[in-house]
Amino acid sequence: MANITMNYAEAVADALKLEMRRDPDVYVYGEDVGKFGGSFGVTGYGVFEEFPDRVLDTPISETAIVGTAVGAAAAGMRPCVEILFMDFLPIAMDELCNQAAKFHYMFGGQMKCPMVVRTALGAGMGAAAHHSQSLEAMLCHIPGLKTVIPATPYDAKGLLISSIRDDNPVAFLEHKMLYSLKGEVPEGDYTVPIGKADLKREGTDVTLVCYSSMVHRCLEAADGLEKDGVHAEVLDLRTLIPMDKDAILNSLAKTHRLVIVHEACLTGGFGGEIAAIAAGEGFDLLDAPIVRVAGPDTPVPFSPALEAEFLVNAPRIIAAVRGLLG
Amino acid sequence: MAVENAALKPTLLDLYRTMTRIRTFEETAHKEFLKGKMPGFLHLYSGQEAIAAGVMSVLQPDDYISSHHRGHGHLIAKGADTGRMFAELFGRVDGFCRGKGGSMHIADSSLNILGANGVVGACVHIGTGAAFACKHKHRGRVSVIFLGDAATNRGTFHEALNLAAIWDLPAVYVVENNLYGVANCQRDYMKVEVAGRAAGYGFPGVTVDGNDVAAVREAAGQAVARARAGQGPTLLDCRTWRHWGHFIGDAAAYRDPEEHKAWLKRDPLILAADLLRSEKWATQADLDRIQAEAEEEMLAALDFGKNSPLPGKEELYTHVYTG
Ligand SMILES: Cc1ncc(C[n+]2csc(CCOP(=O)(O)OP(=O)(O)O)c2C)c(N)n1
Ligand SMILES: [Mg+2]
Chain X
11 MANITMNYAE AVADALKLEM RRDPDVYVYG EDVGKFGGSF GVTGYGVFEE FPDRVLDTPI
71 SETAIVGTAV GAAAAGMRPC VEILFMDFLP IAMDELCNQA AKFHYMFGGQ MKCPMVVRTA
131 LGAGMGAAAH HSQSLEAMLC HIPGLKTVIP ATPYDAKGLL ISSIRDDNPV AFLEHKMLYS
191 LKGEVPEGDY TVPIGKADLK REGTDVTLVC YSSMVHRCLE AADGLEKDGV HAEVLDLRTL
251 IPMDKDAILN SLAKTHRLVI VHEACLTGGF GGEIAAIAAG EGFDLLDAPI VRVAGPDTPV
311 PFSPALEAEF LVNAPRIIAA VRGLLG
Chain F
450 MAVENAALKP TLLDLYRTMT RIRTFEETAH KEFLKGKMPG FLHLYSGQEA IAAGVMSVLQ
510 PDDYISSHHR GHGHLIAKGA DTGRMFAELF GRVDGFCRGK GGSMHIADSS LNILGANGVV
570 GACVHIGTGA AFACKHKHRG RVSVIFLGDA ATNRGTFHEA LNLAAIWDLP AVYVVENNLY
630 GVANCQRDYM KVEVAGRAAG YGFPGVTVDG NDVAAVREAA GQAVARARAG QGPTLLDCRT
690 WRHWGHFIGD AAAYRDPEEH KAWLKRDPLI LAADLLRSEK WATQADLDRI QAEAEEEMLA
750 ALDFGKNSPL PGKEELYTHV YTG
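If you read the protein sequences in the order shown, they are chains X and F.
First residue of the first sequence? That's 11 in the working numbering, and the numbers climb one at a time after it.
First residue of the second sequence? That's 450 in the working numbering, and the numbers climb one at a time after it.
Be a bit skeptical, because a hint or two may be false.
Claimed, not checked - Derived contacts from chain F toward chain X, CB cut-off under 7 Å, selection only:
# : residue
1 : Val-568
2 : Ala-599
3 : Asn-611
4 : Val-769
5 : Gly-772
Worth flagging that the hints you see were computed from the coordinates, not collected in a lab.
We put the CB at the ideal spot given by N, CA and C, even for glycine.
In isolation and in its complexed conformation, chain X is listed as follows (with noise of 0.2 Å):
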């Protein structure tokens, strides 16, 4: 298979072509993602274009968008919806949490919700406090329902096939930031497994998890430790549930040190998780105390100076690194 450059925005909307070429149960809808092409330009790529009849125009309604998405999915489509920030994700809680999640459990296994929401996250624009959280660690929190959060265009692309065949519940978490990001992407058919993390540099002093944004925040920083001759290896988890444990202990057992990034706020957030799993599992890999390196406990500020201090960046990851050296 060929490989083709684009970029994230691309990479979704071309699995969202595949998807519907070979599946006409799959459905898009969404605020603004018809002849407009989508306020992040995702559905411009060619989807709705080819598809008009099955790339929908809502109104501002949330809680409908999902709503309906877990009655179509349990009368047998396939939607793939959209919600424009995942600030808004929480109108649409009662439907996600206590509706898709719990559908194929409550009914005794009888019914399933095969859809995915997917949702744009991340601060770095200066859009404030209502259009730039990371609110994925409150999605972990509900069973049912699988976390879905690429940092790249190949795997936006892989995951996002693999999330519209599975037949759960799936939140499929974009960054707002990286819809520019370009990559190398196979032209046509792929999945990327939902569960596996990807390796994404080898070292041997210091494991950095990772997801999203902040994978490339974590290789920027291990380029820098690179220069004192520290080795960071970098893992990008590309799901949080389920999540490769395996994969988390097995750098470990190389490196014995563990510094959890995210741009979400620390507490409560999805490192807790994995400091935990590494702990509890993992207690005789560890030479040295677990650290987190995550934004602030506050909401994000919309100053630009502000903003640039909530955000986790490659010389806080180096300086906690440095710490945890000694």
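The hints should help you fit chain F with the ligands onto chain X, whose structure is shown.
Here is chain F with the ligands on its own, set in the frame of chain X:
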């Protein structure tokens, strides 16, 4: 334009001044944004000035208002300082929210403004709650909720309006009906007229020419009087047009250029100026002076906003909790 009597003369000139100040503020912000000087998103109010000016002219200073993402005009019409507004738009410490909110969360609580809001439809519940407080704690006050036409598709709108109806709350829902959400035209996302939605909850819905400031003032006056008298809520469906794209950077290619041109001819400032001149309530020189004063004010305001310091890093951590 429905003009009842000459008593409108001083009022109309004031309304014209308010509208001119809003327009000039927005044009100044627009230019700064295009220079790359302002962070984030800017949703301009240009074209909708008659609604903020007309409605606010019938409110008392302690009445509540709740606003949305297109909220600059509401602040100015309620009396907010434009220098502090610019400071907020630049993310500076003298902004009303100390730079933490920006355009989408701009608010001056000293004027009982419960905030612009980044979540479409959130203001409907918030403002209805303020109406509850007006009924039970601040008797005689009213709560005015500004929202867009597309926001009437949120569940919040329907739940709040029903509650306001059964509790006879002193709420006025002012829908700034510019016929578009982001790129979707109203006929594509609703089958009824906005005004008609009120009937479903059992209170009046009134269609208003939202570019005619005197008409807005008249309709708002009646709605507010009803609310103050304990007769319950009213919905005003104010027909208008935003002059620019959804936010700066959106070319609004989805709109019909002919329709756009026709609406520009009905610019609320032009309509008000025409009336002021034809009734001989103002000369062109008077109008020019109002414009010049607004420009002078906004230059100074911009200067203040730009030169306000950025918040210190410690500001990131303050105000998460109170007390
Ligand atoms: C709950 C929610 N959904 C979607 C958005 C994205 N969004 C921001 S403004 C807007 C359109 C709003 O249209 P309308 O209410 O008519 O107000 P207008 O912009 O026309 O003034 C949309 C979809 C949002 N901010 N909040
Ligand atoms: Mg609108």
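Earlier hints that do not hold, by number: The structure breaks hints 3, 5; every other hint is satisfied.
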